[in-house]
Amino acid sequence: MSDPTNDPSRRTIQRYTPNERTNHWIVAIVFVLTAISGLALFHPALYWFSVFLGGGTWTRILHPFLGLIMTIAFVVLAAAMWKFNKMEARDWQWLRQGRDVINNREERLPEVGRFNAGQKLVFFVFIACILALLLSGVVIWREYFSLYFSIGLIRAAAVVHGVSAFILICAVVLHIYAGIWVKGSLGAMTRGTVTPGWAWKHHRAWFREKLHATHPRPRSD
Amino acid sequence: MALQSLDIVRRSATTTASPSVRQAQTGTVAKLIDTTKCIGCKACQVACMEWNDLRDEIGTNIGAYQNPHDLTDQSWTLMRFAEYENPDKGNDLEWLIRKDGCMHCADPGCLKACPAPGAIVQYSNGIVDFHQENCIGCGYCIAGCPFDIPRISKRDHKAYKCTLCSDRVAVGLEPACIKSCPTGALVWGTKEDMQHHAAERVEDLKSRGFDNAGLYDPPGVGGTHVMYVLHHADQPQLYNDLPADPHISPAVGLWKGATKPLALTGIVLTALAGFFHYIRIGRNETHESDEQAAARETERARHE
Amino acid sequence: MSDMTRRQFLAITGSGLAGSSLALLGFSPGPALAEVREFKLSRATETRNTCPYCSVSCGLLMYSLGDKSKNATASIFHIEGDPDHPVNRGTLCPKGAALIDFIHSPSRLTHPEYRASGSDRWQRISWDEALERVARLMKQDRDANFIAKNAEGLTVNRWLTTGMLAASASSNEAGYITHKVIRSLGVLAFDNQARV
Amino acid sequence: MTNHWVDIKNADLVLIMGGNAAEAHPCGFKWVTEAKAHNKARLIVVDPRFNRSASVADVYAPIRAGTDIAFLGAVINYLLTNDKIQRDYVTHYTDASFIVKEEFAFQDGLYSGYDADNRRYDKSSWDYEFGDDGFARVDPTLAHPRCVLNLMKQHYSRYTPEMVERVCGTPQQKFQQICEMIASTATPTRAMTIMYALGWTQHSIGSQMIRCGAMVQLLLGNIGVSGGGMNALRGHSNIQGLTDLGLLSNTLTGYITLPHDREQDYEKYVAVRAFKPLRPNQVSYWQHFSKFFVSLQKAWWGDAATAGNRWAYDYLPKIDKLYDMLQVFDLMEQGKINGYLAQGFNPLAAAPNKAKMTAALSNLKFLVIMDPLVTETSEFWRNYGVHHDVDSSKIQTEVIRLPVTCFAEEDGTLVNSGRWLQWHWKGGEPPGEARTDIEIMAELFNRLRKLYQTEGGAFPDPILNLSWPYIRPNSPTPEELAKEYSGRALTDLVDPKNPNNVVRKRDEQLAGFGELRDDGSTASGCWIFCGAWGPTGNLMARRDNSDPTGIGQTLNWAWSWPANRRVLYNRASCDLDGKPFNPERPLIRWNGKQWVGADIPDFRIDDDPAAGVGPFIMNQEGVARLFARTNMAEGPFPEHYEPFESPLGYNPLSRNEPRAVSNPAARIFKADREALGNVAQFPHVATTYRLTEHFHYWTKHVRLNAITQPEQFVEIGAALADELGIAAGDRVRVSSNRGHIEAVAVVTKRIRALNIDGKTVHTVGIPIHWGFTGLARPGYLANTLTPFVGDANSQTPEFKAFLVKVEKVADASPASGQKS
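So the protein lines, in turn, are chains A, B, C and D. All residue numbers for the first sequence refer to our numbering, where the first residue is 1 and numbers rise by one. All residue numbers for the second sequence refer to our numbering, where the first residue is 1001 and numbers rise by one. All residue numbers for the third sequence refer to our numbering, where the first residue is 2001 and numbers rise by one. All residue numbers for the fourth sequence refer to our numbering, where the first residue is 3001 and numbers rise by one.
Since the hints were made in silico from the structure, they are not lab data. Positions of the beta carbon are idealized from the N, C-alpha and C atoms, including for glycine. Take the hints with a grain of salt, since some may be wrong.
With a cut-off of at most 25 Å between alpha-carbon atoms, the simulated SDA-like pairs for lysine to any residue come out as follows [unchecked claim]:
#, chain 1, residue 1, chain 2, residue 2
1, C, 2139, D, 3331
2, A, 210, B, 1260
3, C, 2070, D, 3808
4, D, 3808, B, 1066
5, B, 1158, A, 61
6, B, 1154, A, 152
7, D, 3365, C, 2120
8, D, 3450, C, 2141
9, D, 3276, D, 3429
10, B, 1260, A, 150
Residues on chain C that point at chain B, a partial pick, calculated with CB under 7 Å [said to hold, decoys possible]:
#, residue
11, 2065
12, 2090
13, 2094
14, 2097
So that you can see chain A by itself, here it is in the shape it has in the complex:
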């Protein structure tokens, strides 16, 4: 295979800027810590996760702060990505053809912009869950806030917290698998670039957008 860097037509395309990647990985790392600490408190079978944070008490202390950090980092990321995640008409078509998506028959699907409908869906699920986790988490944060709330509300918040965490984790599992499944995605979030072929195949509309942005058509005048 010839060296792509030598061939201008094969030069890689930047998918995520260094800032975006940093932001993403902050969210990811903090999410992992939050999730394992949360899971440790969620189910006895996973209580041993608490050792990663220095034991049960540290887990209890750190978890809400980790959650806060994750929320803040996620808000920044979400703000940057907001404009790429608006649902469009073709996204609905994409979703209707879920079977083709799962079976890797991408050629049958409508052209995809920077993010496909699945990614957008995950994006909104993340927003919804993190908002729910934030609000319910404050209510059950015993050390500072719980005393301001009734026990009934605390109980409800605990349920909301658990359910939204469950949804979030499942969504993240999907998100991660998607990164493994669609080869090259991981590179996009590590090196920041994708090959033109990758972009052409998975995000053709975005590829073309990028293309026209790099090579604007000469003015007709």
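Add chains B, C and D to chain A, keeping to what the hints say.
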């Protein structure tokens, strides 16, 4: 009676059975609080603090006899006072005084809610005990308790509540509050004996015109190892909002019940779905043909 | 432990955390302690006493540090009711139940003190100074104001310018010797708490 | 207590009035709950407040503070008019049949012989008629118009249920219900016990309130029986013992009274006290007075007390008037007292009118404090801001403060309300240099004696000759002292009937006061305690709690005075033939040869009932006195008088007699009368009391108690709170004509507004317990408010009924009480 046998029958955040072959053959223990004999002297409060080496704040008076104002990590029991004008007795005044504290439920909501293994245990004699060395201070027990009993210490952020003097009971003694009670409003024995004692008390109270006197041993939490004799068993809420029908909240049931295994299963299934998708369908890869197609398009764009 | 492997597996797949190195760090928390607090009276010295407050005179059991051996200084650390006592039968009221904090109250006096005329502070003095001063003041006043005979010439042998109030909680033995001493001096202005 | 704590469990009815046993004596009150639970007893509480005792009562009735005689007098009227008395008992065991002198009279609230200028009575008409044989005249048919019972009927006929409602504010229907319950105990098989405390004592008419309760009990036949009695719940652990030991201005040990100036002659002194029987065949035990007295003098002055010097009779100070606490502090305020010793006593807080007390203490040359704790009295010279605002530089009193051990750090005995002497043992070392009261008094005495030995001085004889046989003179042991007050033989004692029979060897401890002699051969420091440390050892240390009959008679637990007897007057529990009135719980019975049973008989053990000896062996009559003769200051029958600060300003029972508004025989000093307030300025009735969480002014130094009741408060009824716009938790100012306090308001339905003679009267409850030293939040001493007037007999201050005004404090911020 082998009260010294404090074998653990239930342990918080533990999915397997605790050693439970040894049972309290001579019955579980119970504290009976006879509100109709109680004079609200607070000897129990003091004896509790004294025995357990606790000292609450020297607070303020907020216009009531009740002091401290609420249960705290240092006050595991508290007299609550209510003035009630009984419409059935020509509005004669009654001073309903209730010793508040852990009820030692047979089905303890705190234990159910607790995420820290072994922080809350239930002994075979019925005592529900907190083990602070295992407590992580999350406060879930507070949300789990139908009676609003546990309190988190501001000093060490551990949860505390009445232990029913498990250390005394373990060596065959009665709890400190029981021993101190000057009027015999607090009595102690096997749960069965306490139920008999309560029945006698109820009969006596009925002879004194309290037709609704009765025993408070709420079935919603599987019965309790701290029970009340009430003059008005039909209206427990008169006694500073003693719940009429306490039970573990459905929210706690949901949170700590079926959702736990279901959620874990859901997460695992999600991961497995990915795994099998990978096995069956495989990765979605970019091929050289895609690169070439992309290159062509790039070229076209460059030359347009 | 096979169980552990399964948990790890579940956990790792479940959370999607791929770091197997972290999984290797995962070990079970030590078996949680679930013992009751040590019974604190096991070998403490038990002494019978009587509550000093009201006149029910509840029997007390006082528990002190050490076993009364020569080298142990007894300090009381717990008090509860005497179950053998016919009146209180082990019970105590909130005052009796709190006696430990009376014994160890920060308000306990620990040494003789003297406040001079017009002063706004105490000064520490020795027992010798204190008792010598009191004896001297009492003798001066008695010698100056003792009435051997009244205006009608009757023998009255009384000393009216110094008085005393006796304790309501001191023992009969202390009360008895107090009475004996005070009456021998001819004091009449002498009462105890029974008066109020 | 005529009975004892455990015996209360035998009651069929309990009346708590003039006290709040659940609050102040919770562990004794247990026997009330036992009586209720196991004897089907009913509990009645009569009190200005629905208190902790009322919270478990079957019937509660409100009463205006200070009107208990109106209530009890009406109970007497009910019992007499409805013939609900235990007739045999009343006829044979009381003076109901005794005929009173014709000159005795009562009109418009005053008895015959009143001397208004001196506020005292000429009591010569207050006595029985005597026959030529020297004995009192009686009419066993009770028909004589001047027999005591008929005089009582006449006297209390004015005390009607309507009058109770009008004077006490007690609803008639409640009063009626209570009368019926009380009357149910007139049968021989039912007993009522009355439990009272300072709610009766602390009135200007307190002694008569107690007497009135005792009269009700006598009419019902409830004295001397198991489950009955007049049970005074003493306020302090050894107030009983100190009273028994005579630590009062006018007494010696064992209720022996000091001689008066006019009693220069020893024989006359004895004769007046050695009461002769007023009826044939009666015991009149005080006839043995000289044995008690001589044995005391021998204990105190040993060989220096001889027949030749009339047993050192002149060593004793003679009294010209009562030097009670109120009198002494009044003298102190006038600058007539130079030195004062306060041993475990906090008079600045305990005596009435704190401003007067502060002035009085400031006039002392020296003050000696012996106490385990930092009392307010010991720091009366120090400025504590609003709570005690004084200028130290202007107070010239020298103060010496000595640290004393507490109960846990010493051996010895206390006497409980049931008259039990119980030995206790030291369990720990005292803090710092603290010493026992015994050591302090001993060394102080030895230093004084040395000064008198070396320098001489005023009448040194009683000091130099005081018997001081203790092995370590500066530290007599409690054992030595206990043996001394119990008593021993000074020579071999022989049986008077058989001179060869030595009943006690020289130096042997005596078994009881029956062995005392008046020839100087016995010594006993306190005759009623004689036998406590007997020939077999220290009976006060006994700890066998067996109760062979199950009625709570644990005769082998400690030792009870007199003679280890647990229920006084227990002969009265049996009928004339010696059979128990109530066979269910017999105390004693006559078995044909002697008296036997569950208690030590209060009777000569072999006195055949047929001999007609009365059961009240200490009385000259042999029976109980419904008619007090000359023993009370204000009259032979209790009569209602208003408190010195009355919300009415007149006596509703004697409206036309201005001299009979308040106790006509009570002493009040001029300045204190001027310091009384009137209802126009101070419209609310205040009463002071204890809370169960605290003990006097001690437990504010105790952290656990400070936690359970941290801050000073006053209790006001919901009606008054509404009227004044006060909510629970607001700060209020309570003022009397003597000062003011500020505290948190506890607003409660438990205090009712009362309708008294057509006007609404509100009660304000003022718990004591707070002050300017200690761990609890600093507060005002409650005696800032109280009037300086006492009961006419005991001079106990009127803390239970006085006038105040309540106002809301505009500035809500709590006044700070910074220590200087």
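Now the hints, each set against the structure:
1. Distance check on the hinted pair: residue 2139 of chain C and residue 3331 of chain D sit about 20 Å apart at the alpha-carbon level, within 25 Å; holds.
2. Among the hinted pairs, residue 210 of chain A with residue 1260 of chain B is inconsistent with the structure: their alpha-carbon atoms are about 46 Å apart, more than 25 Å.
3. This hinted pair does not check out: residue 2070 of chain C and residue 3808 of chain D have alpha carbons roughly 61 Å apart, beyond 25 Å.
4. This hinted pair checks out: residue 3808 of chain D and residue 1066 of chain B have alpha carbons roughly 22 Å apart, not beyond 25 Å.
5. Taking the CA atoms of residue 1158 of chain B and residue 61 of chain A, the gap is near 12 Å; set against the 25 Å cutoff, the hint holds.
6. For the hint linking residue 1154 of chain B to residue 152 of chain A, the alpha-carbon distance of about 22 Å falls within 25 Å, and the restraint holds.
7. Restraint check: the Cα-Cα separation between residue 3365 of chain D and residue 2120 of chain C comes to about 16 Å, which is no more than 25 Å; the hinted pair holds.
8. Using a Cα cut-off of 25 Å, the hinted pair residue 3450 of chain D and residue 2141 of chain C holds, with the two alpha carbons roughly 16 Å apart.
9. A threshold of 25 Å between alpha carbons decides the hint, and for residue 3276 of chain D with residue 3429 of chain D the separation of about 52 Å lies outside it, so the pair is violated.
10. Among the hinted pairs, residue 1260 of chain B with residue 150 of chain A is consistent with the structure: their alpha-carbon atoms are about 24 Å apart, no more than 25 Å.
11. A distance limit of 7 Å between C-beta atoms decides the matter here; for residue 2065 of chain C the minimum to chain B is near 14 Å, and the interface restraint is violated.
12. The criterion of a C-beta within 7 Å of any C-beta in chain B is met by residue 2090 of chain C, whose closest approach is roughly 5 Å, and the hint holds.
13. Interface hint at residue 2094 of chain C: satisfied, since its Cβ lies 4 Å from the closest Cβ of chain B, which is below the 7 Å cut-off.
14. With 7 Å as the threshold, the beta carbon of residue 2097 of chain C comes within range of chain B, its nearest partner Cβ sitting at about 4 Å, so the hint holds.
The structure shown violates the earlier hints numbered 2, 3, 9, 11.
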